[in-house]
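A.B. asks: Each protein sequence line maps, in turn, to chains A and B. Numbered per my numbering, the first sequence spans residues 444 to 617. Numbered per my numbering, the second sequence spans residues 59 to 296.
If you're looking for bench data, these hints aren't it; they were derived computationally from the structure. It should be emphasised that the depicted structure is a prediction, and the values quoted were computed from it without experimental measurement. Keep in mind that the hints are not guaranteed to be accurate.
[Unchecked claim] Quick list of simulated restraints, FRET-style, between CB atoms:
(1) A:582 / B:291: 34 to 40 Å
(2) A:466 / B:291: 40 to 46 Å
(3) B:109 / A:510: 47 to 53 Å
(4) B:130 / A:446: 47 to 53 Å
(5) B:278 / A:595: 14 to 20 Å
(6) A:609 / B:130: 30 to 36 Å
(7) B:199 / A:611: 44 to 50 Å
(8) B:285 / A:513: 37 to 43 Å
(9) B:94 / A:493: 29 to 35 Å
(10) B:84 / A:524: 40 to 46 Å
(11) B:243 / A:556: 30 to 36 Å
(12) A:577 / B:136: 30 to 36 Å
(13) A:613 / B:144: 35 to 41 Å
(14) A:517 / B:87: 46 to 52 Å
Heads up, the beta-carbon is just placed ideally off N, CA and C, and yes, glycines get one too.
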Amino acid sequence: MSVPLTLLGLLEREPSHGYDLKREYDTFFGRGKPLPFGQVYATLSRLARDGSVVAAEAEPGAGPDRKRYVITEQGVSEIETWLTEPVAAEPHLQTVLFVKVVLALMSGRPAERYLDTQRAEHMRRMRELTELRRGGSLVDALLADHGLFHLEADLRWIDLTTARLDALAREVGR
Amino acid sequence: MNPAPSTAGGDQARGLLEAREVSVLFGQTPALRAATMSVASGEILAVMGPSGSGKSTLLHCLAGILTPNSGEVHFAGRRIDTMSEGERSALRRDQFGFVFQFGQLVPELSAEENVALPLLLAGVRRAEALERARSWFDRLDLDGLQGRRCGELSGGQAQRIALARGLVGRPSVLFADEPTGSLDSLAGEQVMELLVASARDHQTTVVLVTHDPRVAAYADHEIIVRDGAVAFTARTPA
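Please take these sequences and the hints and turn them into a complete structure.
C.D. replies: Laid out in structure tokens, this is it:
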């Protein structure tokens with residue numbers, strides 16, 4: 444799961460402070476594992492150093508850091524590339540894929556197309572494993588089966604999410 | 059029995075079987091909306107999609123069972139949606155084979171008579187039809203079941219009989235609609251192994267409707283039908 448890209452995705456919606464970014468991250472993606480403040484600010488510094496965001500002047504007021512961060516064109520392009528690329532088909536990708544789907548919906552991007560691309564990547568891997576199990580020994584077949592069942596579980600999630608995109612868009616939209 | 063249709067040059071590039079902007083209405087309800095797809099000669103294509111998305115309707119249009127309200131269906135360079143019912147019936151008999159979810163074997167006939175049925179309907183002499191039918195029992199691991207009635211067969215056996223019946227006429231295209239839908243994993247796997255091996259041996263083109271990704275993974279590529287339209291086509295790079 445990529446924290447820098449997720450923060451960039453959140454920043455794309457509107458410029459934001461580190462504190463608000465952390466709160467939004469925890470709400471949507473933390474799920475019992477909140478992002479430490481230190482990591483938020485370190486990540487934002489790196490993003491600024493690399494030219495993906497710029498930090499506005501610190502605002503007067505209380506709080507540890509009153510800088511507002513704004514995404515740059517380069518940052519938008521990085522998000523665009525990341526969202527478009529399918530994740531390598533392997534078990535336990537749901538969190539990354541989930542983040543991609545939610546961010547796509549938040550920014551009005553075609554989440555259904557990303558899910559279809561991911562689906563095609565999964566099917567491609569399933570064809571490879573099916574070919575392996577057809578030509579191989581029982582041991583190969585059973586190992587391939589293990590992968591196939593995991594991929595099938597992901598695909599069920601992808602199908603269900605595709606069918607529920609409208610409802611999810613309403614839930615994460617503002 | 060069936061000379062394979064010409065698939066030289068153009069047909070291969072255009073697709074052996076094609077739906078162009080095919081729409082179907084059931085009453086006021088659209089079942090297909092301008093669905094466009096093609097399958098090349100010798101390919102195994104999986105048609106996937108949620109229940110009620112229109113994938114079986116698409117199969118019925120491609121197989122000349124259903125006439126679309128608009129759009130065109132082409133097979134081997136011939137437009138089939140404008141053919142007379144008689145012509146389409148002959149095409150189905152001579153060029154197409156079918157396997158459905160629940161075998162749909164004729165209960166009054168023995169297993170070998172069920173397999174021979176397409177040949178008998180095409181006018182092949184009974185002795186020859188039965189002999190050709192029997193040659194499939196060994197290939198599909200059905201030896202000894204030739205004389206059984208449907209009620210005496212397991213689900214997997216009945217489905218392999220249905221597969222033999224679909225392939226016995228050496229069709230150009232085999233249409234399979236959820237062919238493993240009523241079977242457990244192991245029996246379904248055996249049916250798919252045999253279906254794919256037989257199709258490859260005879261260069262049979264297969265249109266495979268399934269909601270099951272493990273079944274679809276036996277195909278060369280897949281299309282997804284959603285709300286009556288072909289939503290996504292994933293071609294395996296050559």
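A.B. asks: Of the hints stated earlier, which fail here?
C.D. replies: Violated: hints 9 and 13.
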